[in-house]
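Number of protein chains: 2
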Amino acid sequence: MRDVFLHAANMTTFGRGAGSIEALAHDAADPLLESEIDRVIVGNHAAELFGDGGQVAARVACDLGLRGIPALRVEAATASGAAAFAAGVDAVGSGRAENVLVVGVERMTHVPTTRALDVVASMLAPDERAVGATPASLAAIFAARYMKTHGLTRERLADVAVWAHDAGARNPHAQFRKPVTRERVMLSSPISDPLRLFDAAPVTDGAAAILLSAAAGPVRVAGLGAATDAPSLLARTDTRRLDGFPVTRLAARAALANAGWSRSDVDVFEIHDAFSILALTGIEDLELALPGKAIDYLEQERTRINTGGGLKARGHPSGATGVAQLVELFEQLTDKSGIRQVPGARRGLAHNVGGFGATAFVTLLEASA
Amino acid sequence: MRDVFLHAANMTTFGRGAGSIEALAHDAADPLLESEIDRVIVGNHAAELFGDGGQVAARVACDLGLRGIPALRVEAATASGAAAFAAGVDAVGSGRAENVLVVGVERMTHVPTTRALDVVASMLAPDERAVGATPASLAAIFAARYMKTHGLTRERLADVAVWAHDAGARNPHAQFRKPVTRERVMLSSPISDPLRLFDAAPVTDGAAAILLSAAAGPVRVAGLGAATDAPSLLARTDTRRLDGFPVTRLAARAALANAGWSRSDVDVFEIHDAFSILALTGIEDLELALPGKAIDYLEQERTRINTGGGLKARGHPSGATGVAQLVELFEQLTDKSGIRQVPGARRGLAHNVGGFGATAFVTLLEASA
Numbered sequence: 001m002r003d004v005f006l007h008a009a010n011m012t013t014f015g016r017g018a019g020s021i022e023a024l025a026h027d028a029a030d031p032l033l034e035s036e037i038d039r040v041i042v043g044n045h046a047a048e049l050f051g052d053g054g055q056v057a058a059r060v061a062c063d064l065g066l067r068g069i070p071a072l073r074v075e076a077a078t079a080s081g082a083a084a085f086a087a088g089v090d091a092v093g094s095g096r097a098e099n100v101l102v103v104g105v106e107r108m109t110h111v112p113t114t115r116a117l118d119v120v121a122s123m124l125a126p127d128e129r130a131v132g133a134t135p136a137s138l139a140a141i142f143a144a145r146y147m148k149t150h151g152l153t154r155e156r157l158a159d160v161a162v163w164a165h166d167a168g169a170r171n172p173h174a175q176f177r178k179p180v181t182r183e184r185v186m187l188s189s190p191i192s193d194p195l196r197l198f199d200a201a202p203v204t205d206g207a208a209a210i211l212l213s214a215a216a217g218p219v220r221v222a223g224l225g226a227a228t229d230a231p232s233l234l235a236r237t238d239t240r241r242l243d244g245f246p247v248t249r250l251a252a253r254a255a256l257a258n259a260g261w262s263r264s265d266v267d268v269f270e271i272h273d274a275f276s277i278l279a280l281t282g283i284e285d286l287e288l289a290l291p292g293k294a295i296d297y298l299e300q301e302r303t304r305i306n307t308g309g310g311l312k313a314r315g316h317p318s319g320a321t322g323v324a325q326l327v328e329l330f331e332q333l334t335d336k337s338g339i340r341q342v343p344g345a346r347r348g349l350a351h352n353v354g355g356f357g358a359t360a361f362v363t364l365l366e367a368s369a
Numbered sequence: 001m002r003d004v005f006l007h008a009a010n011m012t013t014f015g016r017g018a019g020s021i022e023a024l025a026h027d028a029a030d031p032l033l034e035s036e037i038d039r040v041i042v043g044n045h046a047a048e049l050f051g052d053g054g055q056v057a058a059r060v061a062c063d064l065g066l067r068g069i070p071a072l073r074v075e076a077a078t079a080s081g082a083a084a085f086a087a088g089v090d091a092v093g094s095g096r097a098e099n100v101l102v103v104g105v106e107r108m109t110h111v112p113t114t115r116a117l118d119v120v121a122s123m124l125a126p127d128e129r130a131v132g133a134t135p136a137s138l139a140a141i142f143a144a145r146y147m148k149t150h151g152l153t154r155e156r157l158a159d160v161a162v163w164a165h166d167a168g169a170r171n172p173h174a175q176f177r178k179p180v181t182r183e184r185v186m187l188s189s190p191i192s193d194p195l196r197l198f199d200a201a202p203v204t205d206g207a208a209a210i211l212l213s214a215a216a217g218p219v220r221v222a223g224l225g226a227a228t229d230a231p232s233l234l235a236r237t238d239t240r241r242l243d244g245f246p247v248t249r250l251a252a253r254a255a256l257a258n259a260g261w262s263r264s265d266v267d268v269f270e271i272h273d274a275f276s277i278l279a280l281t282g283i284e285d286l287e288l289a290l291p292g293k294a295i296d297y298l299e300q301e302r303t304r305i306n307t308g309g310g311l312k313a314r315g316h317p318s319g320a321t322g323v324a325q326l327v328e329l330f331e332q333l334t335d336k337s338g339i340r341q342v343p344g345a346r347r348g349l350a351h352n353v354g355g356f357g358a359t360a361f362v363t364l365l366e367a368s369a
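Listed in order, the protein sequences are those of chains A and B.
Counted the way the working numbering counts, the first sequence spans residues 1 to 369.
Counted the way the working numbering counts, the second sequence spans residues 1 to 369.
Wrong hints could be hidden among the right ones.
Partial pick of chain B residues on the chain A-facing surface, computed with a CB cut under 10 Å [claimed, not checked]:
#: 1; residue: D63
#: 2; residue: G93
#: 3; residue: P190
#: 4; residue: P194
Note that these hints are calculated values from the structure, not bench results.
Yeah, the Cβ is synthetic: ideal placement off N, Cα and C, and Gly gets one too.
Next comes chain A alone, as it looks inside the complex:
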């Protein structure tokens, strides 16, 4: 495959947006329209269920003035953003496109929160949904098991959220830009025991966009990996199915092999922390730390993990998240991250999960210069 480069990246400020889904996408993508774009790929999880109508890709493309070229939507639940990016890399890599605009977008806050959570939960296995499972209740199972197995205290788990908010406070695009204390996390509303509100990524409106090109640019796609597993936790064959996502391990190994990197080559990480506990299991699934040691690893390395606040503090507009992670890496690798810059960052890894571990995408980016 020929090399594929990221030329530009942008995102909206995450939070409560105003206006249509096209307007959100427009705000993210419009600054990237300088090149002659010959394809638009939209990552979106559930526009129809959010009442935003169908044919999202065509509507986003036309709103940007990009008629007459192919436009399509890619969906892989909460990994729709990374999946759209990967499809864009295929398009440029194959030579079938020269400049591809990848846009991740989701509008969620205009419906009642209970409805928004229902829409997101629709990605779970139908048999688990039928008995009332939600992403929060499944994450709670992970948390309870992890705490018991590894002796992790509830207080230490709260620190994961504290660190995420610390990072969010340094990111002008983040939804949550205020630090929180461990006590604040511990005293927030219970959502699914032992998890509390501040353990969970919020409901968010947002869009993120990246311009991919075959022409040399500041950041190069170094490797991609992705894997799929049964949506139902109990249908998974891996023995770690109740405290991790086997797909993450497979995707990371594939991506690292694709790039020819080892884990120690990576300077900056984006990890899919939809819940605090998933930051820890994600670190272990990525094989950055041994089982039970993720909390120590995260504490030590937290200035280069989820530098933009992660899903937890940046916000988690489902289909936009995977692209927003890559926007954060792009800024880090081009030395544009201001007070949250990882000094000398040259290689980044992003990890985006779909469903509750039914699919994972790992994307590796490298500074060209």
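Please arrange chain B on chain A, whose structure you already have, making use of the hints.
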């Protein structure tokens, strides 16, 4: 780009299916699983709105026993099938995948017909939906205008449906396998004046699957083209916006240029005839006949246009249609179409439309031998 080949193709018998969306996809794809598949791409329009749950790609992949590899869904409304195929071509063409399984699937008959039509209509522009537009009412505008402009009689338009049923009667996979008379079409229930029930493709369950590979196979992808336009008819800039789809013309020209073919090189056509009138405007948008002459062209060439019955008689399971068109071409180009075989067919063109002309994909296939 390296060459991409079709190795195998299969589809379910279209109509009223039994079982889940995974079961439908399984029936189409299972016979294709002999190679080592390294990616699954699912074309699906609206599983969530049809109540079939989310994360369709992961569920389809796992049901087929294909865990551990990337799986994603591509959506472009009623062109989701062709869009998924195009994404598969990118994946193989880029060298990022060797054997890609493309599955188009939609389950529609398990909900009341009015609900199914509502789901399909969700692909229209929100402003047109808000005033009650449906695909049928927009097609009726096309039909009325076309009949007036070109002096096409209602009886002649009925012949389009008659010919589609004639073809369906020769296709064991078609939903409608009985010939109908002009009188039967004329006397069927009005749906949107001047269109009647028999002018419209039915609500259908179905799946179709194709195995793509970089290794040489019996049919080669010769060219692809796609284009996007405003979902709203009135927002389109082309003067033919009320009697054709400008995207079809753009997509066809792009695909033919990509392949280095002229129209006369094509032996067999699949045209997106969701309504009888769209067969005629499609022929003109593909520039096979001059304005007003499509009915004569179709009458003369009908043994090599929509040989499987088209959307009208084969059935139209939204996200499966674009793949089913390519299954029909694969069978024609490998001389396996039995009593509907176009003698010596070597080159085929498929035309798949998303929304009411918001997007079009044109795919060109060629026999390798």
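How the hints compare with the structure:
1. At its closest, the beta carbon of D63(B) sits 9 Å from a beta carbon of chain A; the interface hint therefore holds under the 10 Å criterion.
2. Nearest Cβ of chain A to the Cβ of G93(B): about 3 Å, under the 10 Å cut. The hint holds.
3. The interface hint given for P190(B) is violated, since its Cβ lies 26 Å from the closest Cβ of chain A, which is over the 10 Å cut-off.
4. The beta carbon of P194(B) comes no nearer than 26 Å to any beta carbon in chain A, farther than 10 Å, and the hint placing it at the interface is violated.
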